[in-house]
Amino acid sequence: MYYGTRQILRDIGLEIRSGEVVALIGPNGAGKSTLIRSISGVVPVRAGNIEVNDTNITSLSSMERARQIAVVPQAVSMPPAFTVWETVLLGRTPYLNFLGQVSEKDEALARLALEQVDALHLIESRMDEVSGGEQQRVLLARALTQDTPILLMDEPTAHLDLRHQIDLLKLIKKQAREKDLTVLIALHDLNLASLFADRIAVVENGLLCVAGTPGETLTPEILSSVYHMQVHVIAHPETGAPLIAPGVS
Amino acid sequence: MIFMRRVPYLSSFTILLFAVLLSIAIGSVFISPAEIWNTLIGRGAEISTSILWKIRLPRTVLVILTGSALGISGASYQGLFRNPLADPFLIGVASGAGLGAVIAMSVQWPYSFWGLMAIPLAAFITALLTVFTVYTIARIGHTVPTTNLILAGVAVSSFATSLTSFLMLRSSDEMRRALGWLMGGSIQNGWTSILAILPFLLIGMSVLLVSGHALNLLQFGDDQAQQLGLNVTRTRATILIAASLVTAAAVSFSGIVGFVGLVVPHLMRMWVGADYRRLLPLSLISGASVLLFADVIARVVLAPQELPVGIVTALAGAPFFLWVLRRSKNQGYW
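Sequences listed follow chains A and B, in order.
Just so you know, we're using the working numbering here: the first sequence kicks off at 16 and counts up by one.
Just so you know, we're using the working numbering here: the second sequence kicks off at 23 and counts up by one.
Quick caveat, the hints were computed from the structure, so don't treat them as lab data.
Since no wrong hints were added, every one of them can be taken at face value.
Between beta-carbon pairs, the in silico distance windows are:
{"id": "1", "chain 1": "B", "residue 1": "188", "chain 2": "A", "residue 2": "144", "range": "48 to 54 angstroms"}
{"id": "2", "chain 1": "B", "residue 1": "187", "chain 2": "A", "residue 2": "122", "range": "54 to 60 angstroms"}
{"id": "3", "chain 1": "B", "residue 1": "338", "chain 2": "A", "residue 2": "144", "range": "27 to 33 angstroms"}
{"id": "4", "chain 1": "B", "residue 1": "176", "chain 2": "A", "residue 2": "144", "range": "33 to 39 angstroms"}
{"id": "5", "chain 1": "A", "residue 1": "133", "chain 2": "B", "residue 2": "232", "range": "34 to 40 angstroms"}
{"id": "6", "chain 1": "B", "residue 1": "259", "chain 2": "A", "residue 2": "122", "range": "29 to 35 angstroms"}
{"id": "7", "chain 1": "A", "residue 1": "122", "chain 2": "B", "residue 2": "232", "range": "20 to 26 angstroms"}
{"id": "8", "chain 1": "B", "residue 1": "158", "chain 2": "A", "residue 2": "254", "range": "52 to 58 angstroms"}
Residues on chain B that point at chain A, a partial pick, calculated with CB under 7 angstroms:
{"id": "9", "residue": "232"}
{"id": "10", "residue": "235"}
{"id": "11", "residue": "241"}
{"id": "12", "residue": "245"}
{"id": "13", "residue": "246"}
{"id": "14", "residue": "248"}
{"id": "15", "residue": "249"}
{"id": "16", "residue": "250"}
{"id": "17", "residue": "251"}
{"id": "18", "residue": "253"}
{"id": "19", "residue": "295"}
{"id": "20", "residue": "296"}
For each residue, glycine too, the CB sits at the ideal point set by N, CA and C.
With the sequences and hints as input, model every part of the structure.
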């Protein structure tokens, strides 16, 4: 994959099954965001394929692609004057004509999505009046309204406090299971990746180094080599999942 | 609910109707509403018939077209640049279009429909060049910060205005009279100039009127708009061209009228919210009303002498602009 003239992503061979939550981890500049942006069609892919159910989606129009892939962006710089309801309805765009006229079915889907993320009570509020955690849930609702088999997220927990991080990821995992969605999340927080991802893909310098279960990927050896520092791995007291303790000595 | 949604349209139409009546009635000779009605159905006195059809009506229609063009293009530029201070005047497009219009005028084409058509066409080309230059200078990545936009607009606008003044000064006396036009005094050509800009306006406005949904998506940034299924590059180009087409048509025979494109979409946004599907048609209707009122004021303040309408809009618009600037800074808006 190229961005400008520089090749920044190479040999990303990753297969994701439906109903699966895969976390994308790696140091800053490793290519996590670029991968998310290329799959969603914002950054052109010059070589290589992204296939959904054996169909190459790199040649699809933006509208066709938006019926396959929804993206939950970080809730930063939201236009202030839109209401939650207007924002969520925009998720129906790939199914609407250019005038954006919504039908009762579109409205029902938007309402359902707001209910699923527990944000139905915010429906009349403006986007700049709700909290960061609520904004993020509304953006998740918008992506669910898009009704796609694939959900991509770029650091959805970046601006949330601990409780909201956990709540959001629980919600995402529940949706993935219930709707059989394929979910790919770029995460900086390795512990969150460990607790919520079925599999973890580690990216370094634009290369996929390793992919596997949290137990297989979050090992002191792999993490030390990728992050160039000493890393300890301990077990979660409830589940035994690997937890990361960075070395400080 | 449906009724509630129509209230803004109904009230802006009512205001427009009132403004139209005022504009037709007021002037050196007052024509009462009853007389207007009689004249329209062909039973008026000869003198008022002549004033109405040859002076008042063409002027009113030209002002309606200009005002609605400025209103809708202002709203479109604001949405396109994601910046509440974008306005055809402030970002320099109007001055760019003015330059094109003056170039076309100095060629002195025959005073016919096709000769007049050359003016908006040339204005359109220079308007596009201007907006492209300003955008290229002002943008950082995908965003256009307010300060950059205004500074680039001022610089490019001054450049275009200097060229325009130069062209005017070295040309004939007739051209010098156009100086008044440039300050926003309409050229009185009767119905011909209206016919000459009508095709440009119809095409541009139709495109803009159906762009509401796309502009809504663009408010979330190019990435999100693309991910929601919008072809961002194509849409941006289409809206930019349509808005410049409309601005050029407005400038061609009404000169550079500032601040209408800034004030009107703002007032509408405060009234009905951010949805561009309503903002665009309402800015179109109310742009016409606002400019009609300004034009009436321009006609009566120094009567029988006329003030260029651009002076009136600037006197009212500039303080409003400063207020918006202050407000957007305080709120970290957009």
